[in-house]
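A.B. asks: Quick mapping for you: the protein sequence lines, in order, are chains Z and F.
According to this note's numbering, the stretch in the first sequence is residues 1 to 214, in order.
According to this note's numbering, the stretch in the second sequence is residues 1 to 1044, in order.
I should point out that these hints are in silico values taken from the structure, not numbers from a laboratory.
The beta-carbon is built from N, C-alpha and C at its ideal position, and this holds for glycine as well.
Any given hint could be a false lead.
[Said to hold, decoys possible] Under 8 Å between C-beta atoms, here's a sample of chain Z residues computed to sit facing chain F:
1) Phe120
2) Leu142
3) Thr153
4) Arg180
5) Glu182
6) Gln203
[Claimed, not checked] Label pairs and their calculated CB-CB ranges:
7) Ser213(Z) x Gly528(F): 52 to 58 Å
8) Asp811(F) x Leu142(Z): 53 to 59 Å
9) Glu181(Z) x Ala515(F): 52 to 58 Å
10) Asp879(F) x Glu181(Z): 50 to 56 Å
11) Glu840(F) x Gly138(Z): 58 to 64 Å
12) Ser603(F) x Arg159(Z): 56 to 62 Å
13) Gly58(F) x Gly138(Z): 49 to 55 Å
14) Tyr334(F) x Glu181(Z): 48 to 54 Å
15) Val307(F) x Gln18(Z): 57 to 63 Å
16) Asp811(F) x Ala28(Z): 46 to 52 Å
17) Glu181(Z) x Arg288(F): 50 to 56 Å
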Amino acid sequence: MRAARGGDSAAQERFARQYMPVVKAYLAERWRGGALAEEIDDAHQEVFVECFRGGGALERFEEAERRGFRPFLFAVVRNVARRFEERRAARSELAPSVLLDELEFDAQGVSTMFDRAWAFSLLREAAQIQRLRAAELGAEALRRVELLELRLTHDLPIREIAARWNEAPERVHREYARAREEFRAALVEALAFHQPDPRSAEQECQRLLAVISS
Amino acid sequence: MSEALPDDGEADPRWVAAMRHAFAPAPQPRATQPVAQRSGDTEITTIPREKKAFEPRGEIARGGMGVVMLAFDPELGREVALKILREDLSASSTAVRRFLDEARISGQLQHPCIVPVYEVGRLLDARPYFAMKLVRGHTLAALLETNAKRADERVELLRVFLSVAQAIAYAHSRGVIHRDLKPANVMVGDFGEVQVFDWGLAKVLGAREETHEEIVRAADEDPLRSLPGMVAGTPAYMAPEQARGDVDALDERCDVFALGGILCHVLTGEPPYRGSKASSIERAAQARLEPALERLRAADADRELVVLATECLAPDPAQRPRTARAVAERLQAYLASVEERAHRAQIDAVEARVKAQGERRSRRLTVALATSVFGAAAIVLGGWAWVRSEREQRERAADARLTVSLEEARTAIANEAWSEALVTIDAARAIAAGSGPSERSASEALRWLEQLEQHARRELEARRFQRETEELLGALDGVREPMGLTREYSPARTHADYAASFARVGLDPATAEPATALESLRARQADGALAAALDEWSGVCVRIADGDIQRSERETWLQRAARLSSLASALDPDPQRDRMRAAILRSDVSELVRMGEAEDVDSWPSQSQLLLGNFLGAFGQSQHALRALEAGQRAHRDDFTFLYNLGCALSLTMPRRWAESTRYLTAALALRPDSVQVRRRLIDIFSYWDADWRSLEPLAAEILERLPGDGEALRILGDVRFWRREFRAAIEFYEQAALDPRNEYYARRSIAAAAKASGDFAREVLERERCLELVAFDPWTRSELVRARRDAGEPVTDADVRAALAKTELDLGLDGNALENLADTYRAEGDLTSALRALEASRCSFDHPSVYEGLSIVTRLRGDLVGALEQARLGVANDATYLPNRLEELRCLALLGREAELALPLEALVAWTPQNDVDRLAYVEFLGFDAPELALRPERAAECARELVRRFPKAPRILCMQGLCDVQRGAWSEARSALERALALDRDNDPDVRLYLARVLCELGELDGAREQLTAALALASEQRLRSVPHRARQLDMLAQRLR
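Go ahead and model the full structure; you've got the sequences and the hints to work with.
C.D. replies: Written as structure tokens, this is what we have:
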């Protein structure tokens, strides 16, 4: 994030790619069915311009560290959204008070959508971390990642995976349990990055699970 | 997907769901140009935190397990309390584990009244430490030492106790018991914040118990271990089972006992057990509580509190309240009742003061009279005694003047006209100090005048102060907006208004030295109202800090918010509201939502309900805000603030509850008939909901009475005239509105629209040009300007207009609302294909019912009646309350000859707010104007029209309606009368009136008159380019043929 703030284009790319789904999900929910829906692409780019420009949002990165990155990003996206709405109001033939009617939105719903998008982004990040750690640990760990993918994205029963791998099902079950633990550790690591306050990590983890289960 | 499959064994289904999401293929972003340059693989790299070392700044305390140091954290630039394991215990694994347990348990308990743990780590010598929030203040033990016996301080101590009970209740809910609860472990900060600390003996209920072998082995290694039978904790507040060392029997109720002990200390000034530690443990183990209970019974305290303490101190745990939550709830109910009683007492005091004021006035008058009589008598008697010489006669005359002057001063004093009294006192003093009066009279009078002057000055100052305070409270009321619950809410503006309101009376709470500010605020004797305003102001500062501002500014705003919040807390020290204040300063929405979800919100004090409602509203939690405000309104039915805030909230949350909102705001207006803010909210609602002229016009006029020149009110008055097609009057109001710089742009656009509608294209050109000066990027106005120039006769061709429109269409992109406006222009230009294209584009991005209306009209004008009907019905499905789509549906059905289907939509139309003028007008318009050939219910239409004419006798449009209804009925003479009256009122502008009058005259056989009107109508239509409106042109042609 510091590198992105310093102008490192690769870091900016990574930053933008990682948070783009969250930003877009928020804007899409906020402007759902409204005239601004077509401006989502412009608006999400403006969010990142806002983050990277000199004197921009990332200049306040320490602030984000202190209060957690999620509320920080939320504030940046919300501010950009408001700017778009104000611009549009100024362009219209009608008085601004009339336009405000259509700019009304369900703030709670939008906030929930942001939280969900954020949660999914963290989960994907955790999966990436697990893959990286597995690459460091070696073939067994990489195989456990593969096991998770087979089990969870291809819905293969453990017994079938065991047959494919020519392994005893009991052993694959144990590996599966270990893989789950590794994923949990990766998620905590991802959370720790965004939520440096250690007392919040576990709570944040539970909150995240609640968000995706809701 | 969220459920675990059989193969997932014991895995938590939520984790399985989480992993599914984590490993699911990532959604592919749409092909857009990213801001950052794309590069190779996506790679997540965490950034290791590089912490700088803490800087120790001295020892704060030393306990059994560790040392607490004051330290500075250079990373975050703040001081913290650093607890470090004692050096001599660092080799003990149990001590290390217990120390870390304390950090872990404290860290997991996130509650405003539990000291938060920031960080856990190890020193270079491997000793563990943890950093906590530093709370400056005094322990509850120290406060009890100094204040316990003072009954006036007891309520404050009870509030502290309530916070402790709530914190422990929270811990219990998380399965943690404290086990060493005592006043020395409760810190009360300088701003009243309460923090429970020292969780070193805390136990997690249900945690795995160690086996006997493990315990024995550990005990061999470490003498500090707790063993069965070993006593840990402080005996003065210890439950019997804890004092007996019955570790296994301990549960939440040992904390409940300790709470009872603290309450006993608060009420009686002493803990349950006194004496040495050993003797206290013995008494505690045997539950020898009789002396403590005796002290409780004798205490000067309300019975509810004594009963609560006694129950908590029950020797048998089963007889105590089950958890700390039960204790907290009972105490909260007690404090709420105290607050309510205090509130009632305040009201009684005010009533008594009003009554006493009358009595005092009469008493003062009597005193003044007596004094005056005494003074006058003395003077006069003195005068009689000395009437002997010329000099004496002169003295007598001067004495008489002095008497008159004194009498004037007395009268002024008696009338409480203090300024006037000072003038008369000065005049009397000049006479007394002159050479005329006798020495005796003069000295007597001067002495009396001195007293009078002092009194008058004191009264004058008190009155000024009181008036100033009333003005301040009035100004704050004007500023106070339910945060985020009004449309045009602007935190920056509200902040400036608050600062200005306080500054007007010489107060500066946001930056003045806190003690001085607090003293000045308290002097106003309006703690509650001022605290409420400061709370809102603090919330405003937090919102600004959360906005898009520089980091340095953000810190300043947060500090400002904290300062205002602490002042509010000092004026209104309440644990519940302090919890909200702490949450708002942290922007902790979830904490506020949790509070809002409490079951007992209904029984909260009104201040708490209001504060919570406003704070939740500020964070966009409108449903939760509504719940708190509704609870408050139920409990305080005649409270202006609840009525107003609830009215605003109901009109702005989805789904809108207009009718209820109007009801609450109307009730609020009845309580404060001078309120401008309520009128503005009502105007908002009437404009969006049903555009009721009758309601809008007087509301706007009433605002102008109170705020002359108010641009928004003037625009509303203009809009009402515009809707009545009284364009000149509308322009006059808009012109006045344009004098207000904040309104100029929108007022000018409105003037341009009115000028266009009345055919004054030269004026339209001027106004559009001015609009473009004010807002440079305004594609719509740019093309309208080209069109207006052509219509004004400037050398602009139709091709120029088409080119300008095409350019605007490109510039507008997918701005649906502006595209809809553009479609109107295309339609007026007769370019139905482009109009349809613009509307289709608009519908893609602007799903508003008016777009369907436009689509239906254009489709109908293109001759596709079935398609038009379909669009109108889509519009009705989109929003059944949008009237024009109903009308379109009716028109299409009528034109298709499907009269059997008309009944349902017609009834729906009439049933929809039938008392509303606009709807009536629309109804009349449909029945008698736009589809005269249908002759649907002509009598009913005429009835509606007559009613409207009675209400608006000088509105030409409505007179025209009545005329047309009469045409429908074949009542030609009545029609002629109505149309001629309409024409007299609007001779130049509306060719419709002449058109229909021509038709009536034709029916009456007055063909010359008819021809004259038709010629004039055609001229007007030509001037106003009405030929481009196809249906009107057809009507003109038909009538001309008939006349020929």
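A.B. asks: Can you give the numbers of the hints that this structure goes against, from lowest to highest?
C.D. replies: 2, 5, 7 and 16
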